[in-house]
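One line per chain: the protein sequences are B and S, in this order.
Take the first sequence: its position 106, counting from 1, is numbered 106 in the numbering used here, and each next residue is one higher.
Take the second sequence: its position 116, counting from 1, is numbered 116 in the numbering used here, and each next residue is one higher.
Hints in this document: simulated from the structure, not taken from any laboratory.
Only a predicted model underlies this, so the values are computations on that prediction, with no experimental measurement involved.
Hints are supplied without guarantee of correctness; some may be wrong.
[Stated by the list, open to error] Partial selection, computed: residues in chain B whose CB lies under 8 Å from chain S:
1. Gly35
2. His37
3. Asn119
4. Ala122
5. Ser126
6. Arg133
7. Leu136
8. Ala137
9. Phe140
10. Asp164
11. Ala174
12. Lys184
13. Cys195
14. Leu199
Cβ atoms here follow ideal geometry from the backbone N, Cα and C, with glycine treated the same way.
2 protein chains.
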Amino acid sequence: MTARPKVRPGKRTNDPEGLRKRVLDVAEASFQARGYHASSLGDLMAAAGVTGGALHHHFPTKKALALAVIEERVAAAVEETWIAPVRAAGSAREAVRGVFEAVATELEQQGFVRGCPLNNLAHELSLADPDFRTALASIFSVWRQAIADKIRDDQQAGREQGTDPQRFAALSVATYSGAMSMAKTTQDAGVLRDCVRALDERGPCNTAAVRQVCHSPD
Amino acid sequence: MTARPKVRPGKRTNDPEGLRKRVLDVAEASFQARGYHASSLGDLMAAAGVTGGALHHHFPTKKALALAVIEERVAAAVEETWIAPVRAAGSAREAVRGVFEAVATELEQQGFVRGCPLNNLAHELSLADPDFRTALASIFSVWRQAIADKIRDDQQAGREQGTDPQRFAALSVATYSGAMSMAKTTQDAGVLRDCVRALDERGPCNTAAVRQVCHSPD
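Turn these sequences into a full structure, and let the hints guide you.
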């Protein structure tokens with residue numbers, strides 16, 4: 001099972017990394033568009049152009065394939081869309097605003113909302129298998145931690161004194177996740193802009209922030 | 001196909017409404033716990049104790065059954081959990097806070113998070129079929145409208161002058177939906193409390209609210 005097939009002269013059949021990547025590409029796309037349960041291994045093999053033996057060599061079970069999609073592809077999507085921009089931004093609030101606006105613009109240009117890769121699989125798979133649930137929860141945790149850490153950076157720079165880092169992170173991730181759920185259902189990314197503007201305009205304010213504004217010189 | 005089976009003396013086999021309700025109960029529970037695609041009609045029939053003919057009489061297709069679950073059961077769950085409490089509350093903000101706290105308490109007592117019935121099916125079915133998507137989007141719309149209407153009531157009573165009703169509603173529904181997604185994935189309802197507290201403590205505040213607080217007598 002783990003033996004590599006011989007490469008025959010003149011016919012290169014042995015490209016295990018390319019094959020593994022092709023299977024992950026096809027599985028990722030299908031799990032997001034149709035869902036895990038609605039994606040058959042036969043369809044995935046046909047779409048990736050691989051044999052059952054080759055698939056089995058890399059992913060002995062459908063579950064192993066889904067775990068690889070979650071741990072490699074979904075984690076990378078959250079890293080690229082959220083975590084890297086948060087680390088690079090001038091502040092946590094600027095980061096949150098920037099990601100919402102960037103994703104809304106991207107979806108409007110694309111003209112189609114497939115939803116958040118993490119939330120799509122979290123809804124389908126969290127109750128299906130404890131290993132899926134653990135892998136998915138771990139991505140939510142890393143995502144929230146990056147935002148909470150950014151609030152702590154802000155606080156070290158004298159800002160956000162009235163903000164609880166963990167709660168701010170939970171609210172940011174929840175708002176985005178829920179807005180993407182609505183955007184997918186209505187096929188309208190405008191709800192992302194509504195939500196991030198509502199976050200900015202919220203009142204009543206926390207006492208510390210009001211005190212700061214009231215007591216600051218005009 | 002639409003003919004009703006004869007009732008035989010001494011054996012009451014004809015209770016079409018009871019049978020329909022039983023099938024909906026079983027389908028609702030299975031779609032929420034395992035998902036639509038992972039629920040086979042055979043399993044549903046066995047769990048409900050009905051024949052294929054009886055099932056077919058009420059729900060000619062699996063899609064018809066899912067639409068009935070969405071339009072009757074999921075809509076009723078959103079009405080009961082959100083819309084009725086929002087209408088009965090003293091203000092929109094009190095309503096949102098109250099629902100988050102009530103659901104968190106209920107889930108903690110239950111010791112298990114199955115997720116939001118609407119979001120669970122929205123993630124799995126929005127891209128699967130346009131009729132599913134329309135039915136699900138309509139429930140999100142009614143939910144948001146009830147919250148926006150409550151903000152308008154608040155405004156007529158002189159409150160929430162700086163709040164955009166539609167945006168407030170979008171943020172409330174998004175935050176709840178995303179928090180339930182995380183609660184399901186982590187099996188911890190505490191994130192609902194984190195989110196609603198973050199909504200209350202958010203800063204910086206909107207200018208109108210700050211002005212109001214700054215200029216109010218001590």
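Here's how the hints hold up against the structure:
Hint status for Gly35 of chain B relative to chain S: holds, with the closest Cβ pair at about 6 Å, below 8 Å. Hint on His37 of chain B holds. Least Cβ distance to chain S is approximately 4 Å, under the 8 Å limit. Interface restraint check for Asn119 of chain B: the shortest CB-CB distance to chain S comes to about 5 Å, inside 8 Å, so the restraint holds. Interface hint at Ala122 of chain B: satisfied, since its Cβ lies 5 Å from the closest Cβ of chain S, which is below the 8 Å cut-off.
A cut of 8 Å between beta carbons decides the hint on Ser126 of chain B: the least distance to chain S is about 5 Å, and the hint holds. Taking 8 Å as the C-beta cut-off, the interface hint given for Arg133 of chain B holds, the closest approach to chain S being about 6 Å. Using the Cβ-Cβ criterion of 8 Å, the hint placing Leu136 of chain B at the interface with chain S is satisfied: the shortest such distance is roughly 5 Å. The interface hint given for Ala137 of chain B is met, as the beta carbon of that residue sits about 5 Å from the closest beta carbon of chain S, less than 8 Å.
Contact between Phe140 of chain B and chain S, as hinted, is supported at the beta carbon level, the nearest pair being about 6 Å apart and thus within 8 Å. A distance limit of 8 Å between C-beta atoms decides the matter here; for Asp164 of chain B the minimum to chain S is near 7 Å, and the interface restraint holds. For Ala174 of chain B, the interface hint holds, the least distance from its beta-carbon to any beta-carbon of chain S being 3 Å, beneath 8 Å. At about 5 Å, the closest approach between the beta carbon of Lys184 of chain B and any beta carbon in chain S falls short of 8 Å, and the interface hint on this residue holds.
Below 8 Å, beta-carbon pairs count as interface contacts, and Cys195 of chain B has one with chain S at about 5 Å; its hint therefore holds. Taking 8 Å as the C-beta contact cut-off toward chain S, the hint placing Leu199 of chain B at the interface holds, the least distance being around 6 Å.
Checked against the numbered hints given earlier, the structure satisfies every one of them.
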